[in-house]
Amino acid sequence: MKLRFNGPIDGVLMIRLSGNWQIGEDLPSPNEIKNKLESETDIQRVAFDTKELTQWDSSLPILLLKIKNLCSEKKIYMDSDGLPRGAQRLIELATAVPIEKDARSVGENKTFLSLVGTETIHFLKSAKEMIAFIGEAFLAFIKFLSGKARYRRSDLFKTIQGCGAQALPIVSLISILVGLILAFVGAIQLKMFGAQIYIANLVGIAMVRVMGAVMTGIIMAGRTGAAFAAQIGTMEVNEEIDALKTLGISPMEFLVLPRMLALVFMMPLLCIYADLMGILGGGIVAIGMLDLNISQYYIQTKEAISLNDLWIGLFHSAVFGVLVALAGCLRGIQCGRSSADVGNAATSAVVTGIVSIIVATAIITIMCNVLGI
Amino acid sequence: MTTLQQQPMKTDPYIIVRDLTMAYGDYVIMRDLNFTVGRGDIFIIMGGSGCGKSTLMKIMVGLKEPARGQVFYGDLNFWEAFPDDRKHIVKNIGILYQSGALWSSMTLAENVALPLEEYTDLGPNEIRELVSFKLSMVGLAGYEDFYPAEISGGMRKRAGIARAIALDPDILFFDEPSAGLDPVSAKRLDDLILELRNSLGATVVVVTHELASIFAIGNNSVFLDSETRTMTAAGNPQMLLENSQDPKIINFLMRGETEGHIL
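Protein chains in written order, with this note's numbering: chain A, 3 to 375; chain B, 86 to 348.
Take the hints with a grain of salt, since some may be wrong.
Claimed, not checked - In silico BS3-like links for lysine-lysine, alpha-carbon gap of 27 Å or less:
| hint | chain 1 | residue 1 | chain 2 | residue 2 |
| --- | --- | --- | --- | --- |
| 1 | A | K68 | A | K4 |
| 2 | A | K36 | A | K53 |
| 3 | A | K127 | A | K112 |
| 4 | A | K68 | A | K38 |
| 5 | A | K70 | A | K36 |
| 6 | A | K4 | A | K70 |
| 7 | A | K127 | A | K150 |
| 8 | A | K150 | B | K272 |
| 9 | A | K36 | A | K77 |
| 10 | A | K38 | A | K53 |
| 11 | A | K127 | A | K76 |
| 12 | B | K333 | A | K145 |
| 13 | B | K172 | A | K145 |
| 14 | B | K176 | B | K149 |
| 15 | A | K127 | B | K149 |
| 16 | A | K150 | A | K247 |
| 17 | A | K130 | A | K112 |
| 18 | A | K247 | A | K130 |
| 19 | A | K76 | A | K38 |
| 20 | A | K130 | B | K149 |
| 21 | A | K247 | B | K176 |
| 22 | A | K4 | A | K112 |
| 23 | A | K247 | B | K333 |
| 24 | A | K193 | A | K304 |
| 25 | A | K145 | A | K68 |
| 26 | A | K4 | A | K76 |
| 27 | A | K150 | B | K176 |
| 28 | A | K145 | B | K149 |
| 29 | A | K38 | A | K70 |
| 30 | B | K149 | A | K247 |
Said to hold, decoys possible - Where chain A lies over chain B, by a calculated footprint (3+ residues, C-beta under 8 Å):
| hint | segment |
| --- | --- |
| 31 | 116 to 130 |
| 32 | 169 to 176 |
| 33 | 321 to 330 |
In short, the hints are calculated from the structure, not lab data.
Backbone N, C-alpha and C define an ideal beta-carbon position, used for all residues, glycine too.
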C-alpha cells in the first residue's frame, strides 16, 4: 500500500506515502483521498508522512496539487511540511502564477450562425485573394512580355531543369502504364469484333488528345506544384519574402513568374513526350497480346491522329502548366509562419492543382465539342 | 558613400511616429504610439516578449499597414506617399531580420548583390568588388560563394547586415539582432552596429529586449507595455533607469530584480 490514512485525530488527517511514486508504476487514485475527505467531516488539517517514500517524480506533485485543490475547496488547511523539500518547491512553483482563465476562451462557444458567417467571410476573403493573385500574375506576365520583369534568369533555368528534364523518368513510367492500361481495356472489347487494329486509334487519340496532358498535369501538380508551395512557403516562414518586399522587389515577378514560365514552357514538351510514351505502352499490348506487327500499329496510329488532336492536347497542357504553377505559388504565398503551415500549403497546392486540372479538362472538352473540333 | 558623420546630431528628427495604432483584424496590439527617432540615433524599441515590437518595425518599414496613424520619414508620410516616393524611402532603409532572412537559394555574394542590381546601374565587376567590401566589413571576407545553409547562425546575421548595408542606407532596422547568439557574438554584433552608425552616419532602430545591448548601444528608446497596450516611456534607456517612476520600466530594465521591493 503506497497510500494509507491515519486519523483523523484531533481534526488532523495524516496521509502516509510510501514506496516508489513514479510514472508507469501502479499508483493509487486521487479519488481515494477525495472519498476520504468527503466521508470524514471533522478534518481541519491534512498532513503528510513521507518517511517511507523512496523515489518520486512528477506523479507525486500532480497528486499533491489535486489534494491541494480539494483542500482549498473544502477549506481544509494542507500542511506540506512533511513532504520532501523538492516536492514542496515544485508545488509552490506550479501555483505561483494563477490559472489564466481567458487563455483558451478564443474560438469557443460559437453558435452555428456565427460559424457559418465566419466561414463565409473566410471563403470570400480567400476567393478575393485568389483573384487578386491571378490578376497580379497576369500583370507580371505582361511585364515579362514587355521585357521589364525583374527576375533571375538562373532561377528560370533551374526551374526549367527541375520541372523538365528531371521529371522525365516519372512521366515515362506513368505514361507507358497509362497507354498499356488503355490498350488492355480496349483490347478485350475490340477482340470480340475482330477489330484489334483499332487499338492504335484508341490509344493514339486518347493519349494525344487528352490523357497525355492530363497525366503530365497530375504528375506535375504532385511533383512540382507541391515543391513550389513548399519552397515559397519556407521563404515566407524565414522572412525571405519580407526581405524581397522591403527591397521593393515584387515576389510575383521574382518568384512566381519564373516558375510559371518554366511550367508553361515545359508542360507542352512533357506532354508530347508523354504522348509518345503512351503510344509505346499501347504498342506493347498491341504487339504482345493482339498479334499486330510494329508497322501495322505505326501506320494505323499515324492515320488515326490528326494535327487537331495534337493541338488540343498541347493547349490542354499549356493551360495545366499555368494552373499548376499558379496553385503552387498561390498556396506558397498564402502560407502562414510555421512549419505545419508549409505542409498544409504543399497539400493544398496539390489538391487545388488536381481539381483545377480536372475542371479545366471538362471545360475544354465541352468547348471543343461545341466548336466541333 | 554617405558622408561620414562622427558626431550625429540628436535633435534633428528623422522618423516620426504619430498616433499609431496597430492591430491584427479587430485585435488591437498597441495604440497611441507617438515617438521621434532623431537622425543618427540608435533607437531601441523595447518591451516584453510578444508585446508587438516586431509588428511595430514591420509597420515602420512598410510590411504591414497600420490600423491608424502615420509614420513620417522626414516630411514624407510613408503610408500615404506615392509609390515612387515610397520606393525612394525604402531604398534608404536597410533591414536585418530576426532570422537573417537570407535568400536561401542564393550565395552570400548573390544575396548582397541583389539590392545593388535592383537599384544601381553598376557593372558586374563593380558589384563584385562592392559585395566583397560589404562582406569584409562584417567579417565575412572569403565567404562569397557559401550558401546561407552552410554557415552558422551568427554568420548568417552578419551576412544579413552586409545585405542591409549594400546600398549605404540612411536608416538601418535590426529585429532582435542578438537573439540566439552567444554573449561574445552578441557583443560583437553590438560593436558592429555602433561602428556602422559611426562610419555610415546611419540612423539605427533596434528591436530588442536584451538589456546588455539596450544599455551598450541605445541612446534613445520607446518602451511598449503589453498590459496597457501602449507605450509607457520614451527616452535614453540609462536615464529611464535612473529617473523613471514607473515600476514596470524599472523592473524591465533591472531584469526583474526589483520584484518584491518596488512592486
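(request) Would you list, in rising numerical order, the hints stated earlier that this structure does not obey? (result) Of the numbered hints given earlier, those the structure breaks are 7, 8, 11, 12, 22, 23, 25, 31 and 33, listed in rising order.
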